[in-house]
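Participant: Dock chain B against chain A, hints included.
Same order as they appear, the protein sequences are chains A and B. Numbering (the numbering used here) for the first sequence: 1240 to 1355. Numbering (the numbering used here) for the second sequence: 1152 to 1263.
Calculated directly from the structure, the hints in this document are not laboratory data. Hints may contain errors.
To be verified - Listing some non-contacts, in silico: residues in chain A with all C-beta distances to chain B over 12 Å: (1) T1259; (2) E1301; (3) S1305; (4) P1309; (5) Q1319; (6) P1323.
Said to hold, decoys possible - Derived coverage of chain A by chain B (criterion: at least 3 residues anywhere in the stretch with Cβ under 8 Å from a Cβ of chain B; other residues may be distant): (7) 1286–1298; (8) 1334–1341; (9) 1347–1353.
Keep in mind it's a predicted model, so treat the numbers as computed, not measured. A virtual CB, placed ideally from N, CA and C, is assigned to each residue, including glycine.
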Amino acid sequence: DAGVIQSPRHEVTEMGQEVTLRCKPISGHDYLFWYRQTMMRGLELLIYFNNNVPIDDSGMPEDRFSAKMPNASFSTLKIQPSEPRDSAVYFCASSPQTGSGANVLTFGAGSRLTVL
Amino acid sequence: EDKVVQSPLSLVVHEGDTVTLNCSYEVTNFRSLLWYKQEKKAPTFLFMLTSSGIEKKSGRLSSILDKKELFSILNITATQTGDSAIYLCAYHYGGSQGNLIFGKGTKLSVKP
Chain A
1240 DAGVIQSPRH EVTEMGQEVT LRCKPISGHD YLFWYRQTMM RGLELLIYFN
1290 NNVPIDDSGM PEDRFSAKMP NASFSTLKIQ PSEPRDSAVY FCASSPQTGS
1340 GANVLTFGAG SRLTVL
Chain B
1152 EDKVVQSPLS LVVHEGDTVT LNCSYEVTNF RSLLWYKQEK KAPTFLFMLT
1202 SSGIEKKSGR LSSILDKKEL FSILNITATQ TGDSAIYLCA YHYGGSQGNL
1252 IFGKGTKLSV KP
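Extracted from the complex, chain A is given alone in its bound form (with noise of 0.2 Å):
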């Protein structure tokens, strides 16, 4: 497997406008989530989704937010319109339901977003 696949890897944007994140869980896994890593905050849990439903948002930090998973291979992450402190690295991770590798996330290589 290619392991959990984020586009794009970079993005500069300016403030104001959309930004879309994507994300390809690993094939198989039941849960994704979306991470916000900053140096002040360290690692946030923005919001997670079983089996495409979404479960918790609480991590969402406004309205500006919103995050998609419209079947099991596909998620976006969707920020308008975008302000610069939104700049941070965003993770996609991925984890099966059950066996070994429940509760282990296996995470994206990262977009990171600067919003100027």
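Facilitator: Okay, now just chain B, sitting in the frame of chain A:
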């Protein structure tokens, strides 16, 4: 208030040294504690600990959990420059896989 506290925040050692990284956590329906290594990209899984006193070992890395005192340590012996990374501790609680809280990490730098 942070639920997972790691110490030290950063550490500089020389090759061959042994290091101990610390992680303390808040207890609320504890399920497991995980250690990850983050180099330039994604965090990669090292260990998952669920029982007190049972050491997990992988090569020069080892980890142990103390559920009574609510902490875990990660030991690295005979450090190498390739061990330079941020080491993240995460505490898993409750009934859902999503309930995973990360500490801010310990940045380890190993000098030749």
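Participant: Output the indices of the hints that this structure fails to meet, ascending.
Facilitator: Hint check: nothing fails, all pass.
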